[in-house]
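Taking the hints into account, I'd like the entire structure generated from these sequences.
Single-letter residue listing:
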Amino acid sequence: AQSVTQPDIHITVSEGASLELRCNYSYGATPYLFWYVQSPGQGLQLLLKYFSGDTLVQGIKGFEAEFKRSQSSFNLRKPSVHWSDAAEYFCAVGLPGGTASKLTFGTGTRLQVTL
Amino acid sequence: GAVVSQHPSRVICKSGTSVKIECRSLDFQATTMFWYRQFPKQSLMLMATSNEGSKATYEQGVEKDKFLINHASLTLSTLTVTSAHPEDSSFYICSAASPGETQYFGPGTRLLVL
Numbered sequence: 138a139q140s141v142t143q144p145d146i147h148i149t150v151s152e153g154a155s156l157e158l159r160c161n162y163s164y165g166a167t168p169y170l171f172w173y174v175q176s177p178g179q180g181l182q183l184l185l186k187y188f189s190g191d192t193l194v195q196g197i198k199g200f201e202a203e204f205k206r207s208q209s210s211f212n213l214r215k216p217s218v219h220w221s222d223a224a225e226y227f228c229a230v231g232l233p234g235g236t237a238s239k240l241t242f243g244t245g246t247r248l249q250v251t252l
Numbered sequence: 003g004a005v006v007s008q009h010p011s012r013v014i015c016k017s018g019t020s021v022k023i024e025c026r027s028l029d030f031q032a033t034t035m036f037w038y039r040q041f042p043k044q045s046l047m048l049m050a051t052s053n054e055g056s057k058a059t060y061e062q063g064v065e066k067d068k069f070l071i072n073h074a075s076l077t078l079s080t081l082t083v084t085s086a087h088p089e090d091s092s093f094y095i096c097s098a099a100s101p102g103e104t105q106y107f108g109p110g111t112r113l114l115v116l
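Chains A and B supply the protein sequences, listed in that same order. For the first sequence, position 48 (counting from the first letter as 1) is numbered 185 according to my numbering, and the numbering increases by one without interruption. For the second sequence, position 37 (counting from the first letter as 1) is numbered 39 according to my numbering, and the numbering increases by one without interruption.
Don't take each hint at face value.
[Claimed, not checked] Derived DSSO-like pairs: lysine-lysine, alpha-carbon spacing no greater than 27 Å straight-line:
(1) B/Lys68 x B/Lys22
(2) A/Lys198 x B/Lys43
(3) B/Lys16 x A/Lys239
[As the list claims (entries may be wrong)] These stretches of chain A come out as covered by chain B in the derived footprint (C-beta under 8 Å, 3 or more residues):
(4) 166 to 179
(5) 182 to 188
[Unchecked claim] Some chain A residues close to chain B (C-beta under 8 Å, calculated; not the full set):
(6) Lys198
(7) Phe227
(8) Leu240
(9) Phe242
(10) Gly243
(11) Thr244
(12) Gly245
If you are wondering where the hints come from, they were derived from the structure by calculation, not from laboratory data. Quick caveat: nothing in here was measured; it's all calculated off a predicted structure. A virtual CB, placed ideally from N, CA and C, is assigned to each residue, including glycine.
Next comes the structure, spelled out in structure tokens:
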């Protein structure tokens, strides 16, 4: 079964600083990879996804992620963080296939942004 | 596009009563809907997967008689928590997807059982 590890439970960065959130997955092949963001008391919003092709994926709100097969990683990055980016970030993997597949979520990384 | 709604956004009920939560895909047809449960400051745990017109597939450890799921149309799935108890208090989130597409999540429903 696939699994997802987000090694950082909590990260604090200053507004304007760069950000990298780590995500490692375990799966026999290349899964579908996702990053979601959740504000307090809210549902999840899709930031970006990787299915195949270019390993550098651009998402919404200025986020990007890079798939590295050799490291089984899909780290999320943003060059300059805004205070409104403070939230919980979840990495998820899904099985490749023709239909919507179950997602396995990491435990999440809480991002705090200081002014 | 790809908007998913949930109703109600929060509900308080007495122990022993049943609560129904609706999940709707507003601008697309969702052949598959998923129901998740999230405890405070924890990740999402998949409860069940439902395909339109079929019985839901429950994850191990989820009581299907307690968490009734109905996916009667391509835009609506319901989760009914039967005979709710305080330990059922949680944040319930649904997601919806059409074939081969990404899951889009609803805003969640906070259930408090007194």
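Right, here's what the structure says about each hint:
1. For the hint pairing B/Lys68 with B/Lys22, the CA-to-CA distance comes to about 12 Å; that is within 27 Å, so the pair holds.
2. Proximity of A/Lys198 to B/Lys43 is assessed by CA-CA distance (about 24 Å); at most 27 Å being required, the pair is judged to hold.
3. This hinted pair does not check out: B/Lys16 and A/Lys239 have alpha carbons roughly 32 Å apart, beyond 27 Å.
4. By the rule of at least three residues with a Cβ nearer than 8 Å to a Cβ of chain B, the coverage given for the segment 166 to 179 of chain A holds, with 4 such residues.
5. Requiring three or more residues with a Cβ within less than 8 Å of a Cβ of chain B, the coverage given for the segment 182 to 188 of chain A holds, as 3 such residues are present.
6. Look at A/Lys198: its Cβ only gets to about 16 Å from chain B, farther than 8 Å, so that hint breaks.
7. The closest approach between the C-beta of A/Phe227 and any C-beta of chain B is roughly 7 Å, which is under the 8 Å cut-off, so the hint is satisfied.
8. Annotation: interface hint on A/Leu240 holds; nearest CB of chain B at approximately 6 Å, less than 8 Å.
9. With its C-beta approaching chain B no nearer than about 5 Å, A/Phe242 sits inside the 8 Å limit, and its interface hint holds.
10. Given hint, A/Gly243 at the interface with chain B, holds; its Cβ is 7 Å from that chain's nearest Cβ, closer than 8 Å.
11. A distance limit of 8 Å between C-beta atoms decides the matter here; for A/Thr244 the minimum to chain B is near 5 Å, and the interface restraint holds.
12. The beta carbon of A/Gly245 comes within 5 Å of a beta carbon in chain B, closer than 8 Å, and the hint placing it at the interface holds.
Checked against the numbered hints listed earlier, the structure breaks hints 3, 6; every other hint is satisfied.
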